[in-house]
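Visitor: If you want the building blocks of each chain, they are given just below.
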Amino acid sequence: MQIFKKISEGLKKTSKNFGNGINDIFKKSKPSNEILQDLGDFMISSDIGLPLTEKIIQNIKNKKFSDEELNQKNFLEILTNEMLEILEPVEENIFNKSNGLKTILVCGVNGTGKTTTIGKLCKILKDNNSKVIVGAADTFRAAAIEQLDNWCQKNSIDIEKSDPGADPAAVAFKTLEKAKLNNYDYCIIDTAGRLHNKKNLMDEFSKIIRVMKKIDENAPEKTIIVLDATTGQNALNQIEEFNKISKLSGLIMTKLDGTAKGGVLLSITEKYKLPIYAIGVGEQVDDLQPFVAKDFVKAFLAKNN
Amino acid sequence: MFENLTDKIESAFSFFNKITRLDEKQADEGLRKIRQALLESDVALSVTKKFIEDVKPKIIGQEVLKSITPGQMIIKIVNDELINVLGSEKSDLNLENVPPVKILVVGLQGSGKTTSTAKLAHFLQKKLTKKVLMTSLDIYRPAAQQQLQVLGNDNDIKTLPIIEGQLPVEISKRALNAVSLSGEDVVIFDTAGRTQIDQQMMMELKQLENEIRPHEIILVADSLTGQDAVNIAQEFQKTVNLSSIILTRIDGDGKGGAALSMKAVTGCPIKFLATGEKIDQLETFHPDRIANRILGMGDVVSLVEKVAEDLEQEKIEKIEDDIKKGSFTFDTYLQQIRQMKKVGGMSGVLSMMPGVSKMKKQIDESNLDESLLNKQEAIILSMTQKERDNPKIIGGSRKKRIANGSGTDISMVNKLLKQHKMMTNVMKKMSKGGRGALQGLDGIPPDLLNNLK
Numbered sequence: 001m002q003i004f005k006k007i008s009e010g011l012k013k014t015s016k017n018f019g020n021g022i023n024d025i026f027k028k029s030k031p032s033n034e035i036l037q038d039l040g041d042f043m044i045s046s047d048i049g050l051p052l053t054e055k056i057i058q059n060i061k062n063k064k065f066s067d068e069e070l071n072q073k074n075f076l077e078i079l080t081n082e083m084l085e086i087l088e089p090v091e092e093n094i095f096n097k098s099n100g101l102k103t104i105l106v107c108g109v110n111g112t113g114k115t116t117t118i119g120k121l122c123k124i125l126k127d128n129n130s131k132v133i134v135g136a137a138d139t140f141r142a143a144a145i146e147q148l149d150n151w152c153q154k155n156s157i158d159i160e161k162s163d164p165g166a167d168p169a170a171v172a173f174k175t176l177e178k179a180k181l182n183n184y185d186y187c188i189i190d191t192a193g194r195l196h197n198k199k200n201l202m203d204e205f206s207k208i209i210r211v212m213k214k215i216d217e218n219a220p221e222k223t224i225i226v227l228d229a230t231t232g233q234n235a236l237n238q239i240e241e242f243n244k245i246s247k248l249s250g251l252i253m254t255k256l257d258g259t260a261k262g263g264v265l266l267s268i269t270e271k272y273k274l275p276i277y278a279i280g281v282g283e284q285v286d287d288l289q290p291f292v293a294k295d296f297v298k299a300f301l302a303k304n305n
Numbered sequence: 001m002f003e004n005l006t007d008k009i010e011s012a013f014s015f016f017n018k019i020t021r022l023d024e025k026q027a028d029e030g031l032r033k034i035r036q037a038l039l040e041s042d043v044a045l046s047v048t049k050k051f052i053e054d055v056k057p058k059i060i061g062q063e064v065l066k067s068i069t070p071g072q073m074i075i076k077i078v079n080d081e082l083i084n085v086l087g088s089e090k091s092d093l094n095l096e097n098v099p100p101v102k103i104l105v106v107g108l109q110g111s112g113k114t115t116s117t118a119k120l121a122h123f124l125q126k127k128l129t130k131k132v133l134m135t136s137l138d139i140y141r142p143a144a145q146q147q148l149q150v151l152g153n154d155n156d157i158k159t160l161p162i163i164e165g166q167l168p169v170e171i172s173k174r175a176l177n178a179v180s181l182s183g184e185d186v187v188i189f190d191t192a193g194r195t196q197i198d199q200q201m202m203m204e205l206k207q208l209e210n211e212i213r214p215h216e217i218i219l220v221a222d223s224l225t226g227q228d229a230v231n232i233a234q235e236f237q238k239t240v241n242l243s244s245i246i247l248t249r250i251d252g253d254g255k256g257g258a259a260l261s262m263k264a265v266t267g268c269p270i271k272f273l274a275t276g277e278k279i280d281q282l283e284t285f286h287p288d289r290i291a292n293r294i295l296g297m298g299d300v301v302s303l304v305e306k307v308a309e310d311l312e313q314e315k316i317e318k319i320e321d322d323i324k325k326g327s328f329t330f331d332t333y334l335q336q337i338r339q340m341k342k343v344g345g346m347s348g349v350l351s352m353m354p355g356v357s358k359m360k361k362q363i364d365e366s367n368l369d370e371s372l373l374n375k376q377e378a379i380i381l382s383m384t385q386k387e388r389d390n391p392k393i394i395g396g397s398r399k400k401r402i403a404n405g406s407g408t409d410i411s412m413v414n415k416l417l418k419q420h421k422m423m424t425n426v427m428k429k430m431s432k433g434g435r436g437a438l439q440g441l442d443g444i445p446p447d448l449l450n451n452l453k
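Protein sequences, first through last, are from chains A and B.
Take 1 as the starting number for the first sequence in this note's numbering and just add one per residue.
Take 1 as the starting number for the second sequence in this note's numbering and just add one per residue.
Bound conformation, chain B alone (with noise of 0.2 Å):
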């Protein structure tokens, strides 16, 4: 009967018979199971209460798809909730200032920062056609400017020269000074691996921020980190203005919660994954994948993505059954206000509607008051199940009731109760008559229309 509808309108018509919502105590429950895992997987215990407290609220009161346990629901919302905290927007280098674009490199050592350079340098020169200068400004791990160096020539990318006995500020300058004259259009300034505690170095930091003036400072961290994680990310965030973080080691098999703890902590968009030895192996971030590794119950999520979808057909069939059962309660009409105002509201809904062309112009015209949803769902929450199950029965002094208890009049209280019969009516003419019947109305009944302003 339905075939002809569109897919949104599915959704937004759709509504369960016997409604399961997450209370606080299944919350509760699963968020113990979560917050394991998200240890499990290194997220800063810190970082790991806030996400669990954060995420709470989403839970509770969410519907549960059928034939999926409460359990999986919540992994499916805190999988969501990951994405989201982990990032969601792409977020790209910022390449947009007058060249030369100064990227400057940090981190601990060890955390890949010298292979990380050369990869971005490559990919700037491959993927955006973009000239770069790479310099080494470490001059205390023995052979680390070589490294750079031999890494610049195995690959086409252009390095500074290496002066031995400069100073890293007097190297910067002499980077600057250097593209300057030749051209490119990007210098990233690799420097030492050092401890976030280590003042000394870190003041060395602050001094070849003021000297370069980044555009961009990178920090270049493991994806295997524990715990410390969070220290790390944010003392080096206090030294320098940080602007985004590459995550090295993406191919190992650790469970990345170190991304989660510093995403959360300095806010910084992590842009790239550095996924192999290979110089093109850097891949721009994807949240969904260190979510999936974080939690660790991918095979969930897609089980309960896969339980939606299904449900959408169950949903329809529902709603065919219930319509043509000629039983449009409240509660069914309820379900629909929440759907509707998932998808933009009333004129949403109608403009979605199959052979709308006709009703389009008389939707705009009619200047829908899109307040009025959240109206009519407090009057429809201010009724009895009893009420809602058999409209008729509600007479002056139960009107008057529901008129004070969703704090709207009983001229609104009468408007909806007109507007259900009226569109009871619809419903049954629809069902009678079969494939094509909206079609056949004449639009929308005017009647219906004037009702919704």
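Okay, chain A solo, but in the shape it has when bound (with noise of 0.2 Å):
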């Protein structure tokens, strides 16, 4: 599949990055302090967040290790477990064809890229025989409908718009009633960055869940939050209050192909066990990639070449 012929390449631009620094602090043999020490900066600076840092290390700590596991591959792979151990179980592929209509409601803070997401995902689950329909609710940013209506226009996908200014659940409603009707396999609604922290923003977050389920009460199947991997420990406060106004169902990260290397994500999955759907490394419409532990794990530790 086209998607998975682009990890190894999108994970190699990323692993480019992830790997500075951990090079030269598994060349040492003990985990001495000093080296413990080079762990907890490396992880820090990755965004993996203090009390998280602390407890790995302190798990690491615990450990006792002969000789032969203390060399430097051995070690490498100490870490790699403490970080499978969280991300495997989280792993989840959405990208598969869906028996009977499938509601993705999509929210996020500004600027995540929760449009451009989109545009991908639709793109993806087209590919896999999908009948895909997109609704425009975020209809207050200037031009975000004119966006996510050229990703669909290029790649075929039926959209479901208003004009800028209309009311989002509306929008949201149409577009699941269309669904409904035609026999669409997947409903996936854009809606507004907003700040988790304002209220009325987060009604009418709330608003848009409500009206939906007038027309199907399981509606929206799957609320997915995006987060942008450059964001540090914000990110926890993120989930955090869009999880009181609607069960998350698991979340993409976007923006893995700069130097960020979305270290919270560990922390997030530690707290929330929020399944990880998938990873954004680009910006052309297949850097859309389902999340492998892994992969991500090796890619964030990888040693840079």
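Heads up, some of the hints might be wrong.
Selected chain A positions facing chain B (Cβ under 10 Å, derived; list incomplete) [what the hints assert, rightly or not]:
| hint | residue |
| --- | --- |
| 1 | Gln-147 |
| 2 | Glu-241 |
| 3 | Ile-245 |
| 4 | Ser-246 |
| 5 | Ser-249 |
Stretches of chain A that chain B covers, calculated by requiring three or more beta carbons in the stretch to come under 8 Å of a beta carbon on chain B [said to hold, decoys possible]:
| hint | region |
| --- | --- |
| 6 | 38-46 |
| 7 | 191-197 |
Derived from the structure by calculation, the hints contain no laboratory data.
In this text the structure is predicted, and so the values were computed from the model without any measurement.
A virtual CB, placed ideally from N, CA and C, is assigned to each residue, including glycine.
Could you use the hints to bring the two separately framed chains together as a complex?
Guide: In structure tokens:
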């Protein structure tokens, strides 16, 4: 499949940057305090966050290693295992063909890449022979509707839209209604970016969900939050607050093609056990890839060759 | 008794009975917690380390105010230093150029460049009555140019008409031509979001810089950014000549550590904060607000400030007490010297005295030697505690030792001893005289003034 071919390429891009700094750390053979300090520094610099970094360091400290186990390669394995233990359970692929209508509501703060992610997601779903319709419920940001429309036109995806300033809940309602009537496999709703601490905007988000439930009480089947990899520890607040409005089903992390490592994913997983559906590693249409913990961790710790 | 003295003299003559100073151990302990707070606020690790290193010497030796814990005192010192690093000086946009002033707006995807461009244009038009043209050079993100156009139309800001298929450099040339004809004061170029390691896109930026020759290049950065903030800022600065930073999403609940990271590594002033989705939600930068967020200990800082204020009052009462008792020891004097140096030396202090007009001329004419304070401080520091409490015991051999220890000579030591005696007398006189005692004095006793030369 096209997207899987892209993974190695995309992650190669990422791993180049992920790997910076890890090289020197693992040259040493004993987990001396100095090494643990370096390791801690590496994790903090990757946005893993202080509490989890300390916890992982403590885990490693508490384990007993033979000399053999403490050689460079094995030590890398130790950290790999710590990370995999956290991330592997939350792998989940949503790119498959669906049986019956699935409704996906996409949310997140401003500028994380919701619209772009939806554009890519639709393309993948369509390539997997799903019938997809998108609702342009970001009626607030200037030209947001045009942006989504543009993606849809390029990839022949159906779109339901309204005028700028229209009620986003009404757009979501109309889209879902149309999806039901016309036997779509996927109904995906794009929403305006909103800061999670703005009550009025979160109320608006809550209304979108309420209205969708009028058509189908199970809708939205999935509420996906889109997170920006460059975001630091605030991502945890974002999850916390959006989760309060609508139980989040999972997340997608974008912009992993930069130098940001997205380590906050580990803290998020540790706390919320939220499935990770996909990662964004570039601007091209097939730069959205299913999340594979092993690949992610490998890239995270990869040496900079 | 001293009711009529000004505030400044109050602090100038202040001292503590028991002074505790922060030692290295306390500093280290406090800074461990500060380090944690900074990292949890997303200040980049390298910046955190450097900051801690720099602030440590400023903590050691600092006086701890009464009824404040060493930890609280450290927080206050750190807070002040944070404000200092974030940029206490106000920094305006560089608009003093032959029009059109050219501004290039750069940043990562989704940092808020287009919205910030429109806000900035609005600010320039409304607040500074400049005529502005906005131009989008983002030919990559679908509908990016339309986005700027819509924002322009909605807010009466002119935008360059969109011509499909033109490349960024061509568009920039067209914009410069357009303003040379229509005479806008400022032209703002919005660029496509780009990852700082995308060499091709960064090259494009360099090319645009060469072509446009902007007066300001503004990095728009998301205040929610994590550790990567340093890389982002550094790489953009390496590519183009960054001159300022706009921080967006300040209205979120992020701690804003990115502000410190970016300011620290680039040295570029943060000029604006974007505080909402509306066009007029752009504010000039307030370092104290950001410092408060990063540290998250605003309560402690205000507490220390409050205590410091209250303490002024206590200090005055303490001075009164001591002077009433006629105990004007060298320790007291040492504190005064240190305070005096803070408020502008001897003439500074003397000129703050009330009813001073009579003395002012006298002071000016007397050519006070300001370096004297340093010498006197050294002399006092060379005295033993016993000598400081009871100067009468200082005889010939003690004087010799003190002179050697302080790098002065015996005549200087004599002078100081004499001065101290005279000052004690003045103080006693004042304390007996009550209100208006100073005015009752016939100026500063000439002997005392001569001694200060």
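Visitor: Take the hints in turn and mark each one as holding or not.
Guide: Now for the hints, and whether the structure bears them out:
The beta carbon of Gln-147 of chain A is positioned within 10 Å of a beta carbon in chain B (closest approach about 4 Å), and the interface hint is therefore held. Contact between Glu-241 of chain A and chain B, as hinted, is supported at the beta carbon level, the nearest pair being about 8 Å apart and thus within 10 Å. Annotation: Ile-245 of chain A was flagged as interfacial toward chain B, and the flag is violated, the nearest CB pair being 15 Å apart, outside 10 Å. Below 10 Å, beta-carbon pairs count as interface contacts, and Ser-246 of chain A has none with chain B, the closest being about 19 Å; its hint is therefore violated.
About 23 Å separates the beta-carbon of Ser-249 of chain A from the nearest beta-carbon of chain B, more than 10 Å, and the hint is not met. Only when three residues or more bring their CB closer than 8 Å to a CB of chain B does the claim for the region 38-46 of chain A stand; here the count is 4, and the claim holds. Counting residues of the region 191-197 of chain A whose CB lies closer than 8 Å to any CB of chain B gives 3, so the stated coverage by that chain holds, three being the minimum.
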